[in-house]
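Q: Below, each chain spelled out in residue letters.
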Amino acid sequence: MTRIIVVTSGKGGVGKTTCTANLGMALAKSDRRVVVIDADFGLRNLDLLLGLENRIVYTALDVLAKQCRLDQALVKDKRQPTLALLPAAQNRSKESITPEQMSILVDALKPHYDYILIDCPAGIEMGFRNAIATANEAIVVTTPEISAVRDADRVIGLLEANDVKRLHLIVNRLKPAMVQADMMMSVQDVQDILAIPLLGVIPDDERVIVSTNRGEPLVLEPKLSLAGLAFANIAQRLRGDKVPFLDLSAPHDDLFSRLRRMFRS
Amino acid sequence: MTSDSLPTPITQLSPNSGEVSPGSQVRFKSEGGRLLLLLPPAADTHSADSPADGPADWPLNWPELWLQIKQRLNGGDRFWQPQTAVHLVARDRLLDVRQLQAIEAALAEQQLTLRRVYTSRRQTAVAAATAGYSIEQQTSLAHLTPVATEAEQALEEPLYLQNTVRSGTEVRHPGTIVVLGDTNPGSRLVAAGDIFVWGRLRGVAHAGSAGNPHCRIMALHLEPTQLRIADKVALPPANPPVRYQPEVAYIGASGIHIATAADFARTYLSHPSR
Ligand SMILES: Nc1ncnc2c1ncn2[C@@H]1O[C@H](COP(=O)(O)OP(=O)(O)OP(=O)(O)O)[C@@H](O)[C@H]1O
Ligand SMILES: [Mg+2]
Numbered sequence: 435m436t437r438i439i440v441v442t443s444g445k446g447g448v449g450k451t452t453c454t455a456n457l458g459m460a461l462a463k464s465d466r467r468v469v470v471i472d473a474d475f476g477l478r479n480l481d482l483l484l485g486l487e488n489r490i491v492y493t494a495l496d497v498l499a500k501q502c503r504l505d506q507a508l509v510k511d512k513r514q515p516t517l518a519l520l521p522a523a524q525n526r527s528k529e530s531i532t533p534e535q536m537s538i539l540v541d542a543l544k545p546h547y548d549y550i551l552i553d554c555p556a557g558i559e560m561g562f563r564n565a566i567a568t569a570n571e572a573i574v575v576t577t578p579e580i581s582a583v584r585d586a587d588r589v590i591g592l593l594e595a596n597d598v599k600r601l602h603l604i605v606n607r608l609k610p611a612m613v614q615a616d617m618m619m620s621v622q623d624v625q626d627i628l629a630i631p632l633l634g635v636i637p638d639d640e641r642v643i644v645s646t647n648r649g650e651p652l653v654l655e656p657k658l659s660l661a662g663l664a665f666a667n668i669a670q671r672l673r674g675d676k677v678p679f680l681d682l683s684a685p686h687d688d689l690f691s692r693l694r695r696m697f698r699s
Numbered sequence: 571m572t573s574d575s576l577p578t579p580i581t582q583l584s585p586n587s588g589e590v591s592p593g594s595q596v597r598f599k600s601e602g603g604r605l606l607l608l609l610p611p612a613a614d615t616h617s618a619d620s621p622a623d624g625p626a627d628w629p630l631n632w633p634e635l636w637l638q639i640k641q642r643l644n645g646g647d648r649f650w651q652p653q654t655a656v657h658l659v660a661r662d663r664l665l666d667v668r669q670l671q672a673i674e675a676a677l678a679e680q681q682l683t684l685r686r687v688y689t690s691r692r693q694t695a696v697a698a699a700t701a702g703y704s705i706e707q708q709t710s711l712a713h714l715t716p717v718a719t720e721a722e723q724a725l726e727e728p729l730y731l732q733n734t735v736r737s738g739t740e741v742r743h744p745g746t747i748v749v750l751g752d753t754n755p756g757s758r759l760v761a762a763g764d765i766f767v768w769g770r771l772r773g774v775a776h777a778g779s780a781g782n783p784h785c786r787i788m789a790l791h792l793e794p795t796q797l798r799i800a801d802k803v804a805l806p807p808a809n810p811p812v813r814y815q816p817e818v819a820y821i822g823a824s825g826i827h828i829a830t831a832a833d834f835a836r837t838y839l840s841h842p843s844r
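Going down the list, the sequences are from chains X and V.
Whatever position you read off the first sequence (first residue = 1), add 434 for the working numbering.
Whatever position you read off the second sequence (first residue = 1), add 570 for the working numbering.
Worth flagging that the hints you see were computed from the coordinates, not collected in a lab.
Be a bit skeptical, because a hint or two may be false.
[What the hints assert, rightly or not] Listed next, the stretches of chain X that the computed footprint assigns to chain V, with coverage defined by at least 3 CB atoms under 8 Å from CB atoms of chain V:
#, segment
1, 583-591
2, 594-600
[Unchecked claim] Just the calculated beta-carbon pair ranges, DEER-fashion:
#, chain 1, residue 1, chain 2, residue 2, range
3, X, Glu-640, V, Pro-807, 53 to 59 Å
4, V, Arg-648, X, Gly-476, 49 to 55 Å
5, V, Asp-666, X, Gly-649, 42 to 48 Å
6, V, Gly-602, X, Gly-446, 32 to 38 Å
7, V, Glu-727, X, Glu-559, 34 to 40 Å
8, V, Gln-796, X, Asp-505, 51 to 57 Å
9, X, Asp-505, V, Leu-664, 38 to 44 Å
10, V, Ser-600, X, Asn-570, 43 to 49 Å
11, X, Asp-597, V, Gly-702, 19 to 25 Å
Owing to the predicted nature of the structure, the values given are computational and were not obtained by experimental measurement.
Note that CB positions come from ideal geometry on N, CA and C, so glycine has one too.
Use the sequences and the hints to build the structure in full.
A: Pasting the structure below:
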């Protein structure tokens with residue numbers, strides 16, 4: 435059964451697209467057939483994060499307008515052939531597509547993929563409704579900030595009311611030192627309010643921004659950074675494996691020696 | 571009573587604010603073995619002469635209406651007998667075939683059957699007939715909307731919700747509200763009667779919204795954004811003592827007071843005269 439997962443947040447800029455790109459790539463690396471759909475019409479950038487911008491010929495809208503076939507619009511990743519991107523149109527608004535059209539696209543993709551990840555635009559308007567229309571699971575991304583958590587809470591309510599009931603949480607951009615100094619919400623504080631199962635925590639890390647600019651998801655690094663490892667672990671948990679949570683506050687050396695021990699055993 | 575903590579009173583509400591007009595939200599009501607699904611009217615009849623009622627009484631559009639139907643269904647599902655017939659009281663709302671079918675499907679998920687549609691709109695009646703529901707077109711719905719006309723004082727049966735009331739959700743009910751779950755920051759409960767939260771109350775809660783100062787707000791953990799009872803408003807103390815004890819908010823001598831449930835019971839419940 436194909437899993438159709440929307441990556442959503444309510445608040446903008448908290449890391450939905452970063453998560454979609456990394457999880458898509460990590461799942462593909464483990465030989466799953468993955469398609470990532472950019473549902474952010476008008477503000478697309480999933481293609482950028484994946485480094486696929488220059489290979490886009492057609493978009494989802496061209497498929498719907500019957501200007502091309504679906505497989506012509508799909509951009510296959512050269513690094514990971516089991517990963518494909520269905521790009522959004524850049525020159526159109528979020529109202530240019532309906533939830534019904536979204537279903538048509540997803541239904542057509544379903545037979546060919548194990549995972550369909552949908553990168554949702556910020557907000558709770560039309561673009562959000564399109565993105566969640568066909569999903570049967572959601573990954574809710576938030577940063578440990580009150581405003582982001584508030585919006586995530588709202589979005590969870592809307593997802594539940596729209597029968598998307600399998601929900602998971604990613605807390606992104608955590609700064610352990612700030613949490614320790616009581617200047618930032620802890621993961622526990624966030625979970626206390628949102629009360630959905632935690633999929634993972636990603637530390638705030640400059641390398642995320644660098645990888646964004648390069649169009650190379652962190653999970654492709656030959657030697658994974660902490661953030662890259664966090665994404666890889668999340669992908670594994672998504673697949674149903676039990677992976678212990680990283681201790682983000684531990685000094686790096688510690689962590690890697692511990693991991694090496696884990697791999698040896 | 572020394573254990574009373576005094577929340578900060580901020581202001582008095584104007585007499586009408588927060589009043590729950592009984593028809594302002596989607597409501598389920600059992601009546602004679604069937605379940606009525608009452609939709610709020612499309613045209614708000616008294617908004618013209620009392621604009622102070624505010625946004626809460628503005629007519630809902632379909633997505634909002636749909637959300638409320640789903641939330642009420644999700645929150646109350648343990649109480650319905652399977653195959654109970656539901657009569658949809660659509661009043662003056664325009665519903666098309668697709669919307670009616672969506673409602674039917676949502677009801678069916680809880681094993682409720684849409685049996686009949688009451689409407690005062692010809693188009694809705696036509697849509698209902700097209701979709702194959704029995705319809706009752708009527709100009710007056712007096713017998714199905716008893717609260718709208720008489721007995722503004724009599725409270726509705728309590729509204730019971732078993733779920734987390736999340737940010738952005740406002741639950742208004744012309745009776746007592748019982749929540750089995752948390753209410754999160756950014757949520758609002760407005761009840762003409764009492765409010766019970768079997769969980770953490772962290773949003774805004776307004777009891778006695780029609781003006782009854784004897785109403786109470788009770789929660790396992792009272793950590794509200796704001797409390798209101800009748801026309802009184804209070805903020806929680808700036809640094810609330812962390813008390814993981816059930817608490818009760820009520821109107822005392824100097825506005826809204828908060829006491830632990832145990833103290834409240836000793837002081838108030840054993841002296842009915844207070
Ligand atoms: N863990 C992190 N550490 C540091 N920077 C991060 C992290 N996660 C995301 N960012 C940065 O935050 C910015 C926004 O990320 P991203 O585009 O993924 O968010 P979004 O939720 O998709 O935004 P939008 O709502 O606009 O679609 C990017 O510049 C990204 O590099
Ligand atoms: Mg994005």
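Q: Would you mind marking each hint as holding or not holding in the structure?
A: Outcome of the hint check:
A count of 6 residues in the segment 583-591 of chain X with a Cβ less than 8 Å from any Cβ of chain V is obtained; the coverage claim is therefore met, three being the minimum. As drawn, the segment 594-600 of chain X meets chain V at 4 residues by the rule of a beta-carbon pair under 8 Å; at three or more, the given contact holds. Taking 53 to 59 Å as the suggested C-beta distance range, the pair X:Glu-640 and V:Pro-807 does not conform, at roughly 41 Å. Distance hint check for V:Arg-648 and X:Gly-476: the Cβ-Cβ separation is about 43 Å, which falls outside the suggested range of 49 to 55 Å.
In this structure the supplied range 42 to 48 Å holds for V:Asp-666 paired with X:Gly-649, their Cβ-Cβ distance being about 46 Å. Taking 32 to 38 Å as the suggested C-beta distance range, the pair V:Gly-602 and X:Gly-446 does not conform, at roughly 50 Å. In this structure the supplied range 34 to 40 Å holds for V:Glu-727 paired with X:Glu-559, their Cβ-Cβ distance being about 36 Å. Against the hinted window of 51 to 57 Å, the Cβ-Cβ separation of V:Gln-796 and X:Asp-505 comes to about 55 Å, which satisfies the hint.
About 42 Å separates the C-beta atoms of X:Asp-505 and V:Leu-664, a value consistent with the hinted range of 38 to 44 Å. Checked against the hint of 43 to 49 Å, the pair V:Ser-600 and X:Asn-570 fails, with Cβ atoms roughly 32 Å apart. A hinted range of 19 to 25 Å holds for the C-beta pair X:Asp-597 and V:Gly-702, which are about 24 Å apart.
Going down the numbered hints, you'll see the structure goes against 3, 4, 6 and 10, while the others check out.
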